[in-house]
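Put chain S on the given structure of chain L with help from the hints.
Chains L and S are the protein sequences, given in the same order. If you count the first sequence from 1, position 85 lands on 85 in this note's numbering, and the numbers rise without skipping. If you count the second sequence from 1, position 53 lands on 53 in this note's numbering, and the numbers rise without skipping.
Hints listed in this document are in silico derivations from the structure and should not be mistaken for laboratory results. Just so we're clear, the structure is a prediction, and the values are computed from it rather than from any experiment. Some hints here could point you the wrong way.
As the list claims (entries may be wrong) - Coverage of chain L stretches by chain S, computed from C-beta distances (three or more under 8 Å per stretch; other residues unrestricted):
#	segment
1	40-50
2	86-97
Stated by the list, open to error - Simulated crosslink set (SDA-like; lysine to any residue; CA at most 25 Å straight-line):
#	chain 1	residue 1	chain 2	residue 2
3	L	LYS103	S	THR38
4	S	LYS24	S	ALA67
5	L	LYS81	L	LEU54
6	L	LYS81	S	ARG9
Said to hold, decoys possible - Some, not all, of what chain S presents toward chain L, calculated at C-beta under 7 Å:
#	residue
7	PRO8
8	GLY42
9	TYR48
10	PRO54
11	PRO100
12	THR101
13	THR103
14	PHE106
15	PRO108
Just so it is clear, CB atoms sit at the ideal spot from N, CA and C, and this is done for glycine as well.
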Amino acid sequence: GQSLEQPSEVTAVEGAIVQINCTYQTSGFYGLSWYQQHDGGAPTFLSYNALDGLEETGRFSSFLSRSDSYGYLLLQELQMKDSASYFCAVGSNYQLIWGAGTKLIIKP
Amino acid sequence: DAGVIQSPRHEVTEMGQEVTLRCKPISGHNSLFWYRQTMMRGLELLIYFNNNVPIDDSGMPEDRFSAKMPNASFSTLKIQPSEPRDSAVYFCASRTSGRPTDTQYFGPGTRLTVL
Chain L
1 GQSLEQPSEV TAVEGAIVQI NCTYQTSGFY GLSWYQQHDG GAPTFLSYNA
51 LDGLEETGRF SSFLSRSDSY GYLLLQELQM KDSASYFCAV GSNYQLIWGA
101 GTKLIIKP
Chain S
1 DAGVIQSPRH EVTEMGQEVT LRCKPISGHN SLFWYRQTMM RGLELLIYFN
51 NNVPIDDSGM PEDRFSAKMP NASFSTLKIQ PSEPRDSAVY FCASRTSGRP
101 TDTQYFGPGT RLTVL
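Just chain L, with the same shape it has in the complex (with noise of 0.2 Å):
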């Protein structure tokens, strides 16, 4: 089966730096995603990662492991409006294969 595993929960302090792993066991790979989605609203992309390695966006970081089928997602300098749940998604075939998610909680 194709699976993507990564933590129901984070809690961290604001201003902190926090980790979100992923691990993945999928049929096909593209690539490996990140989205955000706040209560209440909708996905929105972070982050894509195709090869091995970090990819920064401001704060934000993307790592993959294709060799070790992991990835993760870095949080830098957390503020308040980070508090969302972020799900990892790696492309297989024509779609992409979702996580359950991860709520991040900042706390003050």
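Below, chain S alone, put in the same frame as chain L:
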């Protein structure tokens, strides 16, 4: 660009009634997805269209669900008859191409409550 448009934003109906959800994808996008999201099951892909043709409907729960895409700018998801377990947020998303690597752009969703 107006983004993906969905209507209605909220729908409350009684069990047994027909429900029709509507979606207008971003102009120029040729891939369209319908998703359902619940706390219990997370984000589930219901059906995928490419160039208005249904490619994969294996996620459609049962015969009560049907989806159409009569043209490149409009799609519907119909539930008939609706049941309380259909209560969820239904998202429509579009993408520029058939490549799984391209970003999916989600609409605001339709929150469906079946009483």
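Non-conforming hints, listed in increasing numerical order: Hints 7, 10 not satisfied by this model.
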